[in-house]
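Enquirer: Take 646 as the starting number for the sequence shown in our numbering and just add one per residue.
Be careful, since some hints might not be right.
Computed Cβ-Cβ distance ranges for the label pairs, DEER-style [unchecked claim]:
1. H675 / N699: 17 to 25 Å
2. D698 / D677: 18 to 26 Å
3. M690 / A668: 27 to 35 Å
Once the Cα atoms are required to be at most 27 Å apart in a straight line, the calculated DSSO-like pairs of lysine-lysine come out as [as the list claims (entries may be wrong)]:
4. K686 / K667
5. K718 / K667
6. K667 / K707
7. K718 / K686
8. K707 / K686
9. K718 / K707
Hints were generated in silico from the structure; no laboratory data involved. Glycine included, each C-beta is placed from N, C-alpha and C at the ideal position.
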Amino acid sequence: QPWVSDHTMRDVNLQAQVNTTKALFDNFWHEDWFAGGFVWKWFIMHDEVGGHDNPMFTPQNKPVEEVLREYYKN
């Protein structure tokens, strides 16, 4: 249940976030049964959330955001 959080997690592993997202897309993107997924958590105030020191689930303003952009732009 990754959505259950007591907000005590402070460690950030940006490379792990990039690696797991790339692995997901590299392995499933071209499968007929894969139609996409949900990005948790995406905020409308883009410039005010996320970032390299942010331990929350959002990919915004983190290196993984570029991975998402590359896959979804086509």
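Enquirer: For every hint, state whether the structure bears it out.
Expert: Cross-check of the supplied hints:
Restraint check, H675 to N699: a C-beta distance of roughly 31 Å breaks the suggested window 17 to 25 Å. For D698 and D677, the hinted distance range of 18 to 26 Å is not satisfied, since their beta carbons lie about 39 Å from each other. For the pair M690 and A668, the supplied restraint of 27 to 35 Å holds, since their beta-carbon distance comes to about 29 Å. Under the criterion of a C-alpha separation no larger than 27 Å, the hint pairing K686 with K667 is consistent with the structure, at around 18 Å.
Distance hint between K718 and K667 is fulfilled; the C-alpha atoms sit about 15 Å from each other, no more than 27 Å. Annotation: proposed proximity of K667 to K707 holds, straight-line Cα distance about 14 Å (limit 27 Å). Restraint check for K718 and K686: satisfied, since their Cα atoms lie roughly 19 Å apart, inside the 27 Å limit. The hinted pair formed by K707 and K686 meets the criterion: a straight-line CA distance of about 13 Å does not exceed 27 Å.
A C-alpha spacing of about 17 Å is found between K718 and K707, which places the hinted pair at or below 27 Å, so the restraint holds.
Checked against the numbered hints given earlier, the structure breaks hints 1, 2 and satisfies all the rest.
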